[in-house]
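*Asks:* Here is how the chains run, residue by residue.
Number of protein chains: 2
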Amino acid sequence: MPELRKDLFTDNWVIIAEGRDGRPIDYSQGTVPANDPADCPFEPGHESMTPPEIDAIRPSASKNADDWQVRVVPNKFSALSPQEPRSVPVKQGLFQRMNGTGSHEVVIESPAHSRRLSDFSPEQVERVLRIFQRRLRTLLGDERFQFVQIFRNEGREAGASLVHPHSQILALPFLPISFRDRLQASRKYYAQKQRCILCDVLEQELEKDERVISAGDSFVVLAPYAPRHPYELWIVPRQHRHDLRDLGEPERLDLAERIPETLRKLDDTLVNPPFNLLVRTAPTPNHHSEHPSYLEDLSEHFHWYLEVIPRIKRTAGLELATETHINTIAPETAAQTLRNGTT
Amino acid sequence: MPELRKDLFTDNWVIIAEGRDGRPIDYSQGTVPANDPADCPFEPGHESMTPPEIDAIRPSASKNADDWQVRVVPNKFSALSPQEPRSVPVKQGLFQRMNGTGSHEVVIESPAHSRRLSDFSPEQVERVLRIFQRRLRTLLGDERFQFVQIFRNEGREAGASLVHPHSQILALPFLPISFRDRLQASRKYYAQKQRCILCDVLEQELEKDERVISAGDSFVVLAPYAPRHPYELWIVPRQHRHDLRDLGEPERLDLAERIPETLRKLDDTLVNPPFNLLVRTAPTPNHHSEHPSYLEDLSEHFHWYLEVIPRIKRTAGLELATETHINTIAPETAAQTLRNGTT
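Protein chains in written order, with the working numbering: chain G, 1 to 343; chain C, 1 to 343.
If you're looking for bench data, these hints aren't it; they were derived computationally from the structure.
It should be emphasised that the depicted structure is a prediction, and the values quoted were computed from it without experimental measurement.
Watch out, some of these pointers could steer you wrong.
Since the list gives no way to pick out one identical chain from another, each pair is judged satisfied if it fits inside one copy or across any two copies.
Straight-line C-alpha distance at most 16 Å; calculated EDC-like pairs for lysine to aspartate or glutamate [to be verified]:
| id | residue 1 | residue 2 |
| --- | --- | --- |
| 1 | Lys6 | Glu323 |
| 2 | Lys76 | Glu47 |
| 3 | Lys188 | Glu296 |
| 4 | Lys193 | Glu47 |
| 5 | Lys188 | Asp7 |
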């Protein structure tokens, strides 16, 4: 049974999720991706190798049939437990713990065993986005959860343990501190200017045009001013909206083209890098017992977007100790290189 | 010239330090450690391959001679610039930047080309610790700097780019936000109880004896209650002291034995894992223009210690997005395994 423990020294919650065997040797080499489709639990026809399906998009109406286009299942090695009641912190001497209540889901994004997201058709990306929205609606509606993180690991260096294209969704019973810091920053800006910070940044970036990689009707792709990672990119919706749930079909179709197109630019420049894709979307203020000011006016001050982080530098001691990152590629250089294509 | 940029969305400073050429292809495979001593800039006799020496311990008095036992030099690829005046934030539209003023030093820890820290003699570790203390005294005395981080990357997965044993010291002109959070937590505890949080945790851990790996006269090695990483270990001084500078010779000698002994336990259990060693020591309150409450009573509420983080799990999208870590080894399991030795 997974458990949440509070780090007294930083106020962060940590998820402790022990496997059934704790043999340390298993962890020394990392997880090796299964490259053989015959063993892959995400192949069509292998539906029985996963826990029971949560959601899917398929032409037929028959659940668990092998004609799905996108499929959502519980993570077989779930870090959190969805069957538990709401987590309540309990004292353990000086420490605090709570039940690891939450949802840990896998979105199997394609029937194809081995395909980079950059090679997806826009139609397929659109289906994945639609599923993200559906899961967000359900999970943000569950009063046990305060926060939902959708993310994607592509490549072993980015943390992927299976090669079959998939993303993950975690619903957490707490708001992570680093996200609280984000909300505090955007709320502070809003309190001063009555404007959204990302709307203003977007306007400034489009005007200066130093860090913009592409600007479409609904989405702008840019290298942020203070990126932690080389070639970090943001895909930002022009229209202010605090979360992904209400994105309509025309914008979803536009985003579905924009994502693989942007990733192809990274592929060309960085030679198919491992990367993480992060969905930055608002939490649910109404499931909190307290109501801190950063949860007020959330729909006004927070602006959802996507973050793409190529994993071409290693996290070393400085980053672990201080969260201070050294980035050897200025975003202006990254934007120029990606705009021009490979030289 | 390196530059510091503020991430508006999190309030973190990021170090932008572009190399002379921005060829992205260089970064796609990471940095390959130079394994040939003939090319290694840290070998005795290769003193001219490094920038001019900052400090050293050697039997002779002649600077730059090849009989050094520990040697400190500026990082050849420095992320910060030590020749600049104090950094002052400057507005750039909505953004903020400042000069990358700071010190980025390398401590060459041994004349031996390839030796894990676990194989160091206590005498050699004692010299390294003495040099850490000397550099801390100088750098914390420089009014341009607000924070000093000493860290060590061993193994490529931990971020090491050269195999020759070395650690790094960064003096920063700002206090990283994650460290501010630590100080806020310890100050809050102190304000309530008039006691140091780590002193109290140490007492509780020694009493419960579930997570203690070894307890010597001056230092206790333990697996923390809420570790972010599998087999994360802390080496905590029993005597309350807010920073490493004033550690006396008897305790330094004890620590010098404790460090390689502890690392050998990790080597046995995890088969010579890559790891980071982090020094958690107090910043300098008097170089701040503002005086927030977490810098008050610093010598009372902050307790220095060492953190050892084996790098046997990959940082994936969840950790990047939320700083929320999933740890598959409970600290009780880690402590028990390390106490018992390899099975």
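*Asks:* All hints, please: hold or fail.
*Replies:* Comparing the hints with the structure gives:
no.	hint	in the structure
1	Lys6 x Glu323	between (19 Å within a copy, 13 Å between copies)
2	Lys76 x Glu47	within (12 Å within a copy, 54 Å between copies)
3	Lys188 x Glu296	within (11 Å within a copy, 25 Å between copies)
4	Lys193 x Glu47	neither (52 Å within a copy, 56 Å between copies)
5	Lys188 x Asp7	between (26 Å within a copy, 14 Å between copies)
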